[in-house]
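Residue-level listing of the chains:
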Amino acid sequence: MNVERPMETIRLAGARMLMWLFWLNVPALMLIGWLLKSPDAEVGALAAALLALLPTMMVRRRDISAPARMTLAVTSVAIPALYVFLLRGHAWQMDMHMGFFAALAAQTVLLDRRALLVAAGVTALHHLILNYSYPAWVFASEGDLPRVLVHALVVVIQTLMLWWIVSLLTQTIRLQTEERQRSEGLRKEADAAKERAEVALAELERAQTIATRQRGIEEAARRAEEATERRRLVADALEARLGAVVGDLGQLAGQLSASKQWLFDLLDHTTQRSAELRKAHARADGDVRAVAQDTEKLATSISGVGGSASHTRDHALRGAMATRALTPEVDILSATVDSASSIVALISQIAAQSRTLSLNAGIEAARSGSEVRGFAVVASEMKSLAAQTAEATRQIDIYLQDIRRAADSVSGAIDVATQSADTIDRSTAGIVDDVAEQIRATGEIAAATEEMARHIAEAASQAEALSLALAEAQSAMGETDAAATALSSRSQELQETVRNVLEELRAA
Amino acid sequence: MGNRWGLAAAQLATVGFMMLAGVFAPPARGDMLAIPLTTASAHGLAAGLIAVGAIPVGKGQFDGALVVRGDRERLAWPMIARGVLLLAAPDFLCVGQGGRA
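Quick mapping for you: the protein sequence lines, in order, are chains L and W. Quick note on the numbering used here: the first sequence kicks off at 1 and runs consecutively. Quick note on the numbering used here: the second sequence kicks off at 1 and runs consecutively.
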């Protein structure tokens, strides 16, 4: 970017502002002249318009070159002169000179020290000239050179200050422009770097896209390879399974064909057996009926045995009851024998005491002499009696013991008889139960026999149906033979088809 | 660029011309310098000026020129018709202090 461009921008803006101010003075001069009732109002306004033409043309052409700035500067200091001209002889004429200072200050917008000098020079020059040629235009009073010089000094001071300001502004703007240019350069470099980065990013994205596409292709290839491998495995599996199945089918067809004749023979044999079975059924039917009659006879006989057993049981029960009735009597007999034994023991004890007493009496009789010999005889007799008594009690005791043993034997016999009666009762009861069970079993045998006869009849009818089925089976076997032949040929076709399909599957 | 400097010079000239015009243009009312451009117009100039309401107040630096005081509207066209140039009357165009009455 050109360093002067920002200056030109500011200058152009200032020039436009000055242009509009020039044209603003046209109605202002007209208005002031009308208010002052000046006969030169139109002249002043016309002169302002005439002065504004050329700067306007330049500004409209965006011409802010040095000559254009000079033109603007000259015009700027000429406009206040029109006010001074219009107010000549008026009390405010002197105040209109302030416009020159404002015009000088306005030159700062042009950022041109030469234009500032031209404006100041034109201001000073025309005041100096008019001071001699038409002093009334410079001051309301007559011309006064010292005052002109004082005013010129003020103009010079203002010009110097404006010069300094314009210099600073120009320098600042140029520095700013240079900085901006530097910044612009850096920005451009940054933009270029950004563009390069964007290009690199785009390249990277393109590379990523290509890589992604390549990965997709590789993935697709891998999947295709996997699919091919899977198809190959599937084909192998199918070949293994279908081949085995087809082989089995072929083998089965062969076996079926081989078994065909065997089945025919078997059917013939079965048909013959079926006829024999029907005959056997007829014989079995007759046998079963005979068994049924014998079973009825057996049942009648068993019923008779059951009645005898019941009668025997009744007698056994009565014997047992009679035998049990002997038991108290035997017990009483035993008690009596025991009582007798105690009495015998008492007698024996008395006999022992009598013998002891007779012994003592004999001893006393011996010591006393003859006067008591009779007493010794008595003692001897008593001793003899005691001995006899002891002997008698011993014999009684032996008899009592025999009686006791006999009672015990009777009691044992009664127990045995009772147990025997109970045993007979239980046996008889068991016989009765067995007979009842045999009667029931016999009934069941009769029922089973009838059921068997019915089954034999059904089996006969089934044998008939079997004969018919065998005939149908023979016809079906003929069809099966044809089907087996067709199955064998179709199995070979299937094997060939499977081989072709597997070859196509592997090739896909 | 040369053309532009010409325009700047033209604007400067315009300003100068306006300054001169301001200096030499006759005022609406006041002292004015009537300069006869021909000998015929110089003859009877004073009478002609008086006839249109002007009052002669002195002589000008030029031959036959008169300084008059009057009304510009009344003087302008008759004087132009007589071949008389009507200007303002600055001191340096008048004959000394006594030039103007």
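Source of the hints: derived by calculation from the structure; they are not laboratory data. Incorrect hints may appear among the rest.
To be verified - Pulled a few chain L residues facing chain W out of the computed Cβ check, cut under 7 Å: (1) 39; (2) 54; (3) 65; (4) 67; (5) 85; (6) 126; (7) 131; (8) 134; (9) 157; (10) 475; (11) 476.
Claimed, not checked - Examples of chain W residues toward chain L, derived with CB under 7 Å: (12) 4; (13) 8; (14) 22; (15) 28; (16) 90; (17) 94.
Nothing here was measured: the structure is a model prediction, and the numbers come from that model. Built from N, CA and C at the ideal position, the CB exists for glycine as well.
Legend entry - In rising order, the numbers of the hints this structure does not comply with: Hints 7, 9, 10, 11 and 17 not satisfied by this model.
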